[in-house]
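2 protein chains.
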Amino acid sequence: MVFDFYYFSIIFELLSGMEHLGAVRLHEFQRFYELDSGMRKFPTNAREAVATISSEDIRKINQKMAIVIPIKDEKLKLLEGVLSGVPHDCQVIVVSGSQRSPVDRFVMEVQMLKQFNHFVEDEILLIHQQDPGLAEAFKSVGLDSILSEDGSVRKGKAEAMYIGILLAKMLGKEYVGFVDADNYVPGAVHEYVEIYAAGFLLAESPYSMVRVSWVYKPRVVEDKLFFAKWGRVSEVTNSNLNRLVESYTGFGTEVIKTGNSGEHAMSMQLAELLCYASGFAVEPYEVINIIEQAGGINPAPHQIVTSGVDIFQIESRNPHLHEEKGDEHVKQMLLSSLSAIYHSPICPNNIKDSIIETCKSQGLEMEKELVKIKHPLEINFNNFIEALKQKSQTLTELK
Amino acid sequence: MVFDFYYFSIIFELLSGMEHLGAVRLHEFQRFYELDSGMRKFPTNAREAVATISSEDIRKINQKMAIVIPIKDEKLKLLEGVLSGVPHDCQVIVVSGSQRSPVDRFVMEVQMLKQFNHFVEDEILLIHQQDPGLAEAFKSVGLDSILSEDGSVRKGKAEAMYIGILLAKMLGKEYVGFVDADNYVPGAVHEYVEIYAAGFLLAESPYSMVRVSWVYKPRVVEDKLFFAKWGRVSEVTNSNLNRLVESYTGFGTEVIKTGNSGEHAMSMQLAELLCYASGFAVEPYEVINIIEQAGGINPAPHQIVTSGVDIFQIESRNPHLHEEKGDEHVKQMLLSSLSAIYHSPICPNNIKDSIIETCKSQGLEMEKELVKIKHPLEINFNNFIEALKQKSQTLTELK
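Sequence order for the protein chains is A and B.
Mapping of the first sequence onto the working numbering: residues 1 to 399, in sequence order.
Mapping of the second sequence onto the working numbering: residues 1 to 399, in sequence order.
What the hints contain is simulated information worked out from the structure, not anything from laboratory work.
Bear in mind that the values here come from a model prediction, so they are computed numbers and not experimental data.
Just so you know, not all the hints are guaranteed correct.
[Claimed, not checked] Among chain A residues calculated to face chain B with C-beta under 7 Å, some are:
#, residue
1, 85
2, 88
3, 191
Virtual Cβ for every residue (Gly too), placed ideally from N, Cα, C.
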């Protein structure tokens, strides 16, 4: 008996083109058409233009994917909403940098997660970033590049992501995705994760990355919501990244639209090959580091050159509505992003000059160096996990 | 071979209780826990507290459901976003009351829908509310209660909904749901439709209604988003509806939380039994009309008394973010809602007095009467459809 089974989950635009830079395939922006294409058979005339992806396939990827949620004093209600949007099939990893005193927000997070999970039974792993046992585990394998001067793990999002990647690897996950804890729209979180899975299904290389762009990023302008197309920092970051790509391909391009995309995911094979820039430079630096390693500018490891790296950029249907962090945060993000580009050995002088100009006009002073965490493959993973399990005081597993 | 198939789509709270009023079962508020519960088997300890609903079951309902989108000069980008959120399995019915001159926005809507549908191939039916052929078709079956004095179909949302119900019936749909065209969050639209389907799967009666409540309805307060729990009108409407229920049950209650819920759906069997109040009174009046017909206060048709009516109220995970319509709109909505309660023959005098007080304090004057459209079962349906197909100038089918 043939079981004629059509579970099309989403429809989206097929790649209209891409930029090649050595072994890096920067795919042009793709759009989602429909969030749920149902179970009707799909006799489309537009087969070449759109891809329909079955929810069965998406769910198979989800089972191999961990979603890392870095949290730092965000409201518990927001975290709960985000969790409700993450597909149940995904492993959730919460890395908390929240305060422990005078109010212990980490304990509040654990309690909320337990309560939420009483009914939902997600697989959730959580840890506190400043867990002394975690720092000891890093020390034991010589990963000093993630530690601050006082010997604890550095604060910051990149460090939380790094911890998330290692925990995902510990759980044997093949994909790792990131979702911010301050998202007001659970449906958007759900869409991001579907986008990650859809991207991995389209990828030809085992080294793949999916970056989400938002259709709109609403800001409050006076007493109204203004649906801005791009975040303020993104415009500058994307422009500089595109100039960088141009300087090697020799052709003008606008291909990069997701330089600051916090919502992104990687295959574990790619994630463990990358270095990570500290703080807010982490997202643009991922793109730069991929180009540094596989862009044909420097010699690359054999396998990544053969397979190439797929970088997908997919636009979400949902607007990105998150906590406003204020102007200071925006300025720091801009500086970190520019710093990631400026300090790359592949950044040409004319782009460096232009970045310095931009900094001046914004009253910012370029950072002296880019702090980086070395790539996960460099550490003795089994020793790290053993030390972590022995010494951690906050590693908590909910089921 | 047993095909062991687990496609759990959503998890949500089971009913914790309900109010009975004659044959009407007003179910207490239920919450969604997770938008996508994946395909993992679900060995929950909490079976009695939560329901997991398979996406297969949801999709079966979707195939029998039409989603009516009333639109009136809303931005095309918003309509496109809403469409992208409606599951592909659902029939879409767009009823447009948009302007035809000096700019013909209806033609723009048709063009946008055609373009969108080139890739997506939804089943979309659309019609303009002021189509002269539509008015003639109503006249031909004596449905004068939907016409204005000049003989055209009255403007307003209730009238658009009514047209949508008839078109859904024409297409043989068993369920009809409503979604506003001004929603900024496609993921919320998708969740609403999943909530409708989940409610119908829980219903025991063929006469059933599902009303969505929003977890938050963000408003811009000064330069920030404030995530208000209830809309301004909803508080007053719900309170008065609850007083009405109390006056018959003799027990205080807060059971009604969705008096003004524009996001709602009905089984066709219920939809064709109801009268519809004109304009913004339509949503609260549905509840009142159900109580009038089946609440045990007036004699009811035999079948509805035997089966009862299920009214579900389910809270969405996504916030409700829509176009701000301004204070005038809010005032009109409040007045219409109060008018729907005030003019009901089952409204006791003390509630009438209190409504008059509320109106005074808001500077509103109670409307003289409640304009109603008689229930769809009263018209000769086949004659109406025949006349519509012959005379309509705007009925358009996209596939």
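Hint validity - residue 88/A Cβ closer than 7 Å to any chain B Cβ: With Cβ-Cβ at 4 Å, under 7 Å, it holds.
Given a cut of 7 Å on the nearest C-beta pair, is the interface hint for residue 85/A held or broken against chain B? holds, 6 Å
Evaluation of the interface hint that places residue 191/A against chain B, nearest CB under 7 Å: Hint on residue 191/A: holds, closest Cβ of chain B at ~6 Å, below 7 Å.
Checked against the numbered hints above, the structure violates none of them.
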